[in-house]
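Engineer: Single-letter residue listing:
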Amino acid sequence: MSRISVRTLFFGVYGELAASREGTADLPAGSTVGDLVETLRGARGHDWLPERVVVAVNQSYAETGTPLSDGDEVALIPPVAGG
Amino acid sequence: MSDRNERTRPTSIRTAITPDPLDRFLGRAPLGSHSDGAVLVFEGRVRDTNEGRPVARLGYEAYVDMATRELDAICREAGDRFAVGAISAAHRVGELELGDVSVVVGVAAPHRDACYAASRWVIEEIKRRLPVWKHEHYSDGESAWVGAPEAVTARLPRDSRVG
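In the order they appear, the protein sequences are chains A and B.
The first sequence finishes on residue 83 if you use my numbering, and the numbering steps up by one all the way, no holes.
The second sequence finishes on residue 1163 if you use my numbering, and the numbering steps up by one all the way, no holes.
With the rest of the complex left out, here is chain B (with noise of 0.2 Å):
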């Protein structure tokens, strides 16, 4: 098959933000096609530190009607420009434990070097576009907005902010 073809034939896109477990978002049915020879699947978890900060356990909030519409787009760009088979991309949103996946990437591709450009190409766009927002809660009982502007978070009751 030549390049072209390859480049030519749709990308089959699937996206989902969800507040049930992802563990099982890929499903048993493989991705892609027999055209694709690469398939690479990129977990984000839920880890036990941020900044050296002992972490308990997260929340993700999401402005879901648009941040799905925004991964079905980031989705259909990567499709453009890569050389891709299929792509399934899902966010958790809710209340999450240490561990649990929060963001799943699944790329298939003829080749792998579209696959690694694509699956790093979307997991970098949904943290730089995907309307969600983290509220990590710490070991120590605190909690706070990952990334809101220190002038804003100065004007939450002090039992909320940063510490």
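Okay, chain A solo, but in the shape it has when bound (with noise of 0.2 Å):
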């Protein structure tokens, strides 16, 4: 089965706990947003990262569900705080 390469970007208290701030993450063809939050919070040292977690791909909020492609940019979004 081929594989696919994904651009990681942790930011606010995310960032502070993960290894890096960015990174990249290889997933099976087929993966969904939410594979890849169990497979960082599992194989990755990220095991604090909430189940739920808010996940934008490409710069739009995403959801569980969505399916990830090769090259994309997912970002974990702790709960946002500007105003």
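Hints are computed from structural coordinates only; laboratory data are not their basis.
Some clues are possibly wrong.
Below, simulated SDA-like cross-link-like pairs (lysine to any residue); rule was C-alpha separation at most 25 Å, straight line [said to hold, decoys possible]:
id : chain 1 : residue 1 : chain 2 : residue 2
1  : B       : K1127     : A       : L17
2  : B       : K1127     : A       : Y61
3  : B       : K1127     : B       : D1080
4  : B       : K1127     : A       : S60
5  : B       : K1127     : A       : S2
6  : B       : K1127     : A       : N58
7  : B       : K1127     : A       : V57
8  : B       : K1127     : A       : L27
9  : B       : K1127     : A       : E51
10 : B       : K1127     : A       : P79
11 : B       : K1127     : B       : T1153
12 : B       : K1127     : A       : D26
13 : B       : K1127     : A       : Q59
14 : B       : K1127     : A       : T64
15 : B       : K1127     : B       : D1100
16 : B       : K1127     : A       : S31
17 : B       : K1127     : A       : D35
18 : B       : K1127     : A       : E63
19 : B       : K1127     : A       : R21
20 : B       : K1127     : A       : I4
21 : B       : K1127     : A       : D70
22 : B       : K1127     : A       : G15
23 : B       : K1127     : A       : R52
24 : B       : K1127     : A       : A62
25 : B       : K1127     : A       : A81
26 : B       : K1127     : A       : T39
With the hints in hand, could you dock these two chains into one complex?
Structural biologist: This is how it looks when you write it as structure tokens:
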């Protein structure tokens, strides 16, 4: 089965806890946002990441079932606090 | 001018996510046009307390590319929802001192009702979905990410955790 590579970005408190604020994750083709979050929470040492973390794909808010494509930019978004 | 004409006039939009002071973001040129009889400017400033705790200063981090798109989308949606002529909105990033302006929402509209409604809607949407994070530095030397889940915050080194 072919694989895809996505760019991961961690912001705010997630950025402080992540091994690095920017990284890449390799996933099986056909993976979704939910699959990426599971991978990050498991094998990649980000077990503190909430199961229902808010995610943006290519700078738009995405759902758990949103499919990922090779080269996507995926951001892990803590509760926002602008204003 | 009929309400219909006012509604079909495209809303003029200007936005910024910027490390520069916002005092002069709106500039000297009047917001909107001669069709707009109401102008409202909302400024959010850095407050010296949060939930009873003295704040010394704070930092704003943004996902700048997405925040730029999202702020533009919020203003465009406001233009569709309300009869307004112009919206200018900006959010500051970086380190801010007490009293510094962190967010500006300027709205010009033919009438005050739409002006107030659009202004309120835009600032609430900014707070709800703009990807910006506030790092508060307290007078006692501690600091915290505002709104961060407790289970996540508990994993931070002790010196940067909520006290």
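Engineer: Does each hint fit the structure? Answer for all of them.
Structural biologist: Structure-based check of each hint:
In summary, the hint linking K1127/B to L17/A is supported, as the alpha carbons are separated by about 24 Å, within the 25 Å threshold. Distance hint between K1127/B and Y61/A is fulfilled; the C-alpha atoms sit about 15 Å from each other, no more than 25 Å. Under the criterion of a C-alpha separation no larger than 25 Å, the hint pairing K1127/B with D1080/B is consistent with the structure, at around 19 Å. For a cut-off of 25 Å, the pair hint linking K1127/B to S60/A stands: about 16 Å separates their Cα positions.
Between K1127/B and S2/A the alpha-carbon distance is near 40 Å, which puts this suggested pair outside the 25 Å criterion. Using a Cα cut-off of 25 Å, the hinted pair K1127/B and N58/A holds, with the two alpha carbons roughly 21 Å apart. The suggested pairing of K1127/B with V57/A holds, with an alpha-carbon distance near 20 Å, which does not exceed 25 Å. A C-alpha spacing of about 33 Å is found between K1127/B and L27/A, which places the hinted pair above 25 Å, so the restraint is violated.
Taken as a hint, the K1127/B and E51/A pair is honoured in the structure, with Cα atoms around 23 Å apart against an allowance of 25 Å. The hinted pair formed by K1127/B and P79/A meets the criterion: a straight-line CA distance of about 10 Å does not exceed 25 Å. Restraint check for K1127/B and T1153/B: satisfied, since their Cα atoms lie roughly 21 Å apart, inside the 25 Å limit. At most 25 Å may separate the alpha-carbon atoms for a hinted pair to count; K1127/B and D26/A exceed this at roughly 33 Å.
The hinted pair formed by K1127/B and Q59/A meets the criterion: a straight-line CA distance of about 17 Å does not exceed 25 Å. Under the criterion of a C-alpha separation no larger than 25 Å, the hint pairing K1127/B with T64/A is consistent with the structure, at around 23 Å. For the proposed pair K1127/B and D1100/B, the alpha carbon gap of about 18 Å is at most 25 Å, so the pair holds. Between the alpha carbons of K1127/B and S31/A the distance comes to roughly 31 Å, so the proposed pair goes past 25 Å and is violated.
Only pairs whose Cα atoms come within 25 Å are accepted, and K1127/B paired with D35/A is rejected, the gap being roughly 29 Å. Under the criterion of a C-alpha separation no larger than 25 Å, the hint pairing K1127/B with E63/A is consistent with the structure, at around 20 Å. Simply put, K1127/B and R21/A have alpha-carbon atoms about 23 Å apart, close enough for the 25 Å limit, and the pair holds. Distance hint between K1127/B and I4/A is unfulfilled; the C-alpha atoms sit about 34 Å from each other, more than 25 Å.
Restraint check for K1127/B and D70/A: not satisfied, since their Cα atoms lie roughly 32 Å apart, outside the 25 Å limit. Distance restraint check for K1127/B and G15/A: the Cα-Cα separation of roughly 20 Å lies within the 25 Å cut-off, and the hinted pair is therefore satisfied. Taken as a hint, the K1127/B and R52/A pair is honoured in the structure, with Cα atoms around 20 Å apart against an allowance of 25 Å. Among the hinted pairs, K1127/B with A62/A is consistent with the structure: their alpha-carbon atoms are about 18 Å apart, no more than 25 Å.
For the hint linking K1127/B to A81/A, the alpha-carbon distance of about 6 Å falls within 25 Å, and the restraint holds. Straight-line distance between C-alpha atoms of K1127/B and T39/A comes to about 30 Å, which puts the hinted pair past the 25 Å bound.
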